[in-house]
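Colleague: Sequence:
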Amino acid sequence: MSNLLNNPNLNSKKSDPLDRGKDIKPTNTFSIDDLNNPNSEQVRNVTETDRVTFYANVRINNHIKNKAEALSSIGLFKSQKDAISDALDYYIDSLPAEDKRRYKLQLETLEERDVRIRNKK
Numbered sequence: 219m220s221n222l223l224n225n226p227n228l229n230s231k232k233s234d235p236l237d238r239g240k241d242i243k244p245t246n247t248f249s250i251d252d253l254n255n256p257n258s259e260q261v262r263n264v265t266e267t268d269r270v271t272f273y274a275n276v277r278i279n280n281h282i283k284n285k286a287e288a289l290s291s292i293g294l295f296k297s298q299k300d301a302i303s304d305a306l307d308y309y310i311d312s313l314p315a316e317d318k319r320r321y322k323l324q325l326e327t328l329e330e331r332d333v334r335i336r337n338k339k
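In the working numbering, the protein residues as written are 219 to 339.
Keep in mind that the hints are not guaranteed to be accurate.
Unchecked claim - No farther apart than 30 Å at their CA atoms in a straight line, the calculated lysine-lysine pairs in the DSSO-like style are these:
1. Lys338 - Lys322
2. Lys299 - Lys283
3. Lys318 - Lys285
4. Lys296 - Lys318
5. Lys283 - Lys296
6. Lys285 - Lys296
7. Lys299 - Lys339
8. Lys338 - Lys243
9. Lys339 - Lys285
10. Lys285 - Lys299
11. Lys322 - Lys283
12. Lys339 - Lys322
13. Lys338 - Lys299
14. Lys318 - Lys283
15. Lys322 - Lys299
16. Lys299 - Lys318
17. Lys322 - Lys296
Said to hold, decoys possible - What follows is a list of derived Cβ distance ranges for each label pair:
18. Asp317 - Lys338: 39 to 49 Å
19. Asn254 - Arg277: 37 to 47 Å
20. Leu236 - Asp307: 17 to 27 Å
Hints listed in this document are in silico derivations from the structure and should not be mistaken for laboratory results.
These figures come from a predicted structure and were not determined experimentally.
For every residue, glycine included, the Cβ atom is placed at its ideal position computed from N, Cα and C.
From just these sequences and the hints, can you work out the full model?
Modeller: Okay, here's the thing in structure tokens:
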């Protein structure tokens, strides 16, 4: 029993078995004030995202397809794609300002994702 109280493994400090290497520190730091200051050099300059265009499929029912086809067949649009694109543009233009802002942010994120995915290939 006294042997358990004098266990040498409890008193000695074990070294860390993992080599953690050097401390990692960022080369550039910034504060909230830097983000609020548009003239700061450290603020990222956001520009128009490079865009890529490729075909994608969207599942729609036959009624929506027939509406787009009817609009293009009577000559209002050159194609079903143009009919759907113009309908979406009309709807987006009618959105309230806050919804437009959220839409633009989401669209920019999706466009950037498409660019990243296409550049990996």
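Colleague: All hints, please: hold or fail.
Modeller: Hints versus structure:
1. Lys338 - Lys322: 24 Å, holds
2. Lys299 - Lys283: 10 Å, holds
3. Lys318 - Lys285: The hint holds at about 26 Å.
4. Lys296 - Lys318: Distance ~27 Å between Lys296 and Lys318 Cα, so the pair holds.
5. Lys283 - Lys296: Answer holds: Lys283 to Lys296 is near 15 Å, not above 30 Å.
6. Lys285 - Lys296: Distance ~14 Å between Lys285 and Lys296 Cα, so the pair holds.
7. Lys299 - Lys339: 26 Å, holds
8. Lys338 - Lys243: Roughly 29 Å separates the two Cα atoms, so the pair holds.
9. Lys339 - Lys285: It is violated: about 36 Å lies between the C-alpha atoms, which goes past 30 Å.
10. Lys285 - Lys299: Since the Cα atoms of Lys285 and Lys299 sit roughly 12 Å apart, the hinted pair holds (cutoff 30 Å).
11. Lys322 - Lys283: 26 Å, holds
12. Lys339 - Lys322: Judged against 30 Å, a Cα distance of about 26 Å means the pair holds.
13. Lys338 - Lys299: With a Cα-Cα distance of about 28 Å, the restraint between Lys338 and Lys299 holds, given a limit of 30 Å.
14. Lys318 - Lys283: Status holds; Cα separation ~26 Å.
15. Lys322 - Lys299: With Cα atoms ~21 Å apart, Lys322 and Lys299 stay inside 30 Å; holds.
16. Lys299 - Lys318: 22 Å, holds
17. Lys322 - Lys296: Holds, because 27 Å separates the two Cα atoms, which is no more than 30 Å.
18. Asp317 - Lys338: 39 to 49 Å: With Cβ atoms ~32 Å apart, the hint is violated.
19. Asn254 - Arg277: 37 to 47 Å: 44 Å, holds
20. Leu236 - Asp307: 17 to 27 Å: 56 Å, violated
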